[in-house]
Amino acid sequence: MTSYLLPLQHSYRLVQLTDCHLLAQPDGWYQGCQPALHLRQIIAFLQSDRPDAVILTGDLTQDHSAASYALLAELLSPLHCPVFLVPGNHDDLHLLTELTQRRPFVAAESLLLADWQLFLLDSKGPTPAGSFPQPKQQALQQQFRQSTSTHFWLFMHHHPQPLACFIDQYGLTEQQAFWQLLQAEPRVRGLSHGHAHLAYQRQQQGIQLVGCPASSVQFLETPDWQTVNQGPQWCEWRFSAGGTVRWQFKRI
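Here my numbering runs 38 ahead of the position in the sequence shown, where the first position is 1.
None of these hints come from the bench; they were simulated from the model. As the structure is a prediction and not an experimental result, all values here were calculated from the model. All C-beta atoms in this analysis are idealised placements derived from N, C-alpha and C, irrespective of residue type, glycine included. Possibly wrong hints are sitting among the right ones.
[Unchecked claim] For each label pair, taking beta carbons as the anchor points, the in silico distance ranges come out as:
hint : residue 1 : residue 2 : range
1    : Q207      : D65       : 41 to 47 Å
2    : A202      : S103      : 31 to 37 Å
3    : P171      : T138      : 22 to 28 Å
4    : E136      : N267      : 14 to 20 Å
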């Protein structure tokens with residue numbers, strides 16, 4: 039597993055961006071918004087309020103075209119911090135791999151922040167639903183065993199537990215086994231995901247779940263698919279060396 043070590047400090051400020059749904063054209067439209075404009079506004083804000091790192095949790099483009107990933111690289115190029123990513127169901131793995139060869143992107147499967155280890159999980163499957171099959175579960179379990187960190191946090195695209203709305207048909211297909219794996223490791227403090235285009239937080243069986251709002255549009259918690267443009271949104275994280283974690287949903 040490739041891990042990225044951040045310099046030792048008392049606290050780390052991270053930004054999570056998700057579900058950008060960029061198109062090949064910078065002025066393209068997705069569900070009543072211009073995704074590139076939304077993302078550009080967020081990056082402009084981050085230039086004056088710099089984080090230690092940025093984590094992208096999938097569905098970075100809508101049409102998974104080379105041009106849309108080139109646009110993503112262009113929009114994020116002003117950042118002066120490493121950018122990490124996990125794939126979503128809309129993403130092209132080959133193009134994502136190529137993207138990590140360009141600044142400011144960094145290829146890593148986990149981040150080391152003092153006593154924290156943040157795991158970046160790939161939940162992309164053959165369908166829009168998430169997949170984290172047994173070989174990946176076994177590999178993650180082995181990584182847990184080998185880690186000397188005191189606290190774990192996980193980032194992935196798909197939601198690991200039901201949200202009682204239409205998006206559940208595209209959730210993680212191995213929910214029960216994956217959840218048992220997390221519950222068996224007491225150092226797992228929580229997990230944050232994208233995919234649902236929904237800002238929420240809840241404790242479930244001792245594990246904190248956080249849904250990151252989309253930078254594009256939000257989904258309503260309804261039985262059928264409905265979207266609403268509420269402006270650019272993201273989640274800001276604070277991980278302290280002492281083991282506390284805080285997060286805040288942000289909006290422009």
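Exercise for the section: Would you pick out the hints that fail for this structure and give their numbers low to high? Expected result: As far as the earlier hints go, 1, 4 are violated by this structure, in ascending order.
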